[in-house]
Amino acid sequence: MIEFRSVSKRFPDGTLAVQDFSLVLPSHKTTVLVGSSGSGKTTLLRMINRMVDPTSGSVAIDGEDIATLPPVKLRRGIGYVMQNSGLLPHRTVLDNVATVPLLRGTPKRQARADALVLLDTVGLDRALADRYPGQLSGGQQQRVGVARGLAVDPNILLMDEPFGAVDPIVRAELQQELVRLQKDLDKTVVFVTHDIEEAFLLGDQIVILREGGRIAQVGSPADLLARPADDFVASFVGADRGRRVLHVERHGAEDVVVDSDGRLAGVLNGNPAEGDR
Amino acid sequence: MNLFADAVNWILEPANYVGSNAIPLRLAQHLVFTLVTLVMASAIAIPLGYLIGHTGRGRGLAVTTSGGLRAIPTLGLLTLVALWVGIGVVAPYVALTVLAIPPILAGAYTGFEAIDRRTVDAARAVGMSELQIVQKVEVPLGLPLLIGGLRSATLQVIATATLAAYVADLGLGRYLFAGLKTRDYAEMLGGSMLVILLALALEGIFALIQRFVVPRGVSGRVGGRAPGTTDSTPVSHSLRTEDPTVAR
Chain A
1 MIEFRSVSKR FPDGTLAVQD FSLVLPSHKT TVLVGSSGSG KTTLLRMINR
51 MVDPTSGSVA IDGEDIATLP PVKLRRGIGY VMQNSGLLPH RTVLDNVATV
101 PLLRGTPKRQ ARADALVLLD TVGLDRALAD RYPGQLSGGQ QQRVGVARGL
151 AVDPNILLMD EPFGAVDPIV RAELQQELVR LQKDLDKTVV FVTHDIEEAF
201 LLGDQIVILR EGGRIAQVGS PADLLARPAD DFVASFVGAD RGRRVLHVER
251 HGAEDVVVDS DGRLAGVLNG NPAEGDR
Chain B
1 MNLFADAVNW ILEPANYVGS NAIPLRLAQH LVFTLVTLVM ASAIAIPLGY
51 LIGHTGRGRG LAVTTSGGLR AIPTLGLLTL VALWVGIGVV APYVALTVLA
101 IPPILAGAYT GFEAIDRRTV DAARAVGMSE LQIVQKVEVP LGLPLLIGGL
151 RSATLQVIAT ATLAAYVADL GLGRYLFAGL KTRDYAEMLG GSMLVILLAL
201 ALEGIFALIQ RFVVPRGVSG RVGGRAPGTT DSTPVSHSLR TEDPTVAR
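Quick mapping for you: the protein sequence lines, in order, are chains A and B.
Residue numbers for the first sequence follow our numbering, beginning at 1 and rising by one.
Residue numbers for the second sequence follow our numbering, beginning at 1 and rising by one.
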């Protein structure tokens, strides 16, 4: 469990990135921080591995205030995946994946064997092990990034817009892959994105952020769609327009579902649960 | 043309290969002097440049100071130091070290600065200590630009080291000063040609080194040379093998 306790962050240039932010991120769940740029979502993420220290307030992991832990040791125990993959360009794929285990003193042979297994886990051909990051496609680099994040078998995996820079088709593929991985691995995932579709797909808990890290609403995807707290949330999740606003139309003996633009979304199959309407 | 022939004859003259003024001896002195100067300048400039490059602090000061050091006339500094510590090898070592520091310093910190900030940030985020970031990320990736700085410094020192003979019985510069005094222009030109040959030889060696220090996996991104260096051979290799058929 990760806990933010009245956290604020003011950067040296005076920008107030986060103001009085409090939240509990449950273990073994995926929490998605979503907001536009300037919402402080990346700052919040980076507070979990002390890449950013809060100006006031504290962050606790399983009840322990992380300000008391040495940053380097803390970071080696937390997986981190970032947008541009952040791989070391002068090291092979295998060495990149084995970086952190080697820093933690795992014997080289063992670290490399484990890294090969991780390539399988993230769906990469072992033949790529000896390539350099520059020789891979963007999607492959991100997979290597995920493998590196998983290399120390961390309880917590931080993902900072990891699929932001790949094309939509590869992104969809990687998102599905992450859903599959999370089913098997059961990590506490903290995921940052500005894409609400991605948030709905991956998140158990979604945090919608306004400017300055203020929480607009926290909830499951269903909560946010069914009961948006205000117009900002409604507009952010798209509950007020397009293909999220559906209504039923009678078509002969069947019900079909149509969105607000009049486009057919699908058919209604079975009866909705009582009391849900 | 006659003078050139005389100079070549002077270089080939067996009598110039014996005694305390022998060509091989002077060549060796010149080379050792250059190398020692470079080692001393590196000992100062590389750690300082790495510190500036890693922390991002003190860059303005380094640029200003380097500019100042470059502007000092080496002959003037040499004379000044010689007046202070006396005739001998100390003064040329000091003056030439000062000459060699700016390009090496620039090579060291620009080498670090040229690295993608996100790569360094990622290294820190996965748990590398600051020292490990320097050792495992910044030094290998910054090496090509550092070698560029060293190469530039070497050329400057090897040419300017002739001045050492002004205050010490040292190096190929002896032929220039002696030839000037006795109006033996063949000796002067011969000595100059030896300096040029030595410079070209070292230049060739550095060109090879620079080719080999580009880390594997790093393509043309780390190219070019340290700002202010005087050589005109930018490094641009594509060591990476393009393979569009990479299996997914």
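Since the hints were derived computationally from the structure, they do not count as laboratory data.
Be aware that one or more of the hints could be misleading.
No more than 30 Å apart at the CA atoms, straight line, and that leaves these computed lysine-lysine pairs for DSBU-like [claimed, not checked]: (1) A:K187 / A:K108; (2) A:K108 / B:K181; (3) A:K73 / B:K136; (4) A:K187 / A:K73; (5) A:K183 / A:K73.
The hints, checked one at a time:
no., hint, result
1, A:K187 / A:K108, "holds, 26 Å"
2, A:K108 / B:K181, "violated, 66 Å"
3, A:K73 / B:K136, "holds, 18 Å"
4, A:K187 / A:K73, "holds, 19 Å"
5, A:K183 / A:K73, "holds, 27 Å"
In summary, the one numbered hint that this structure violates is 2.
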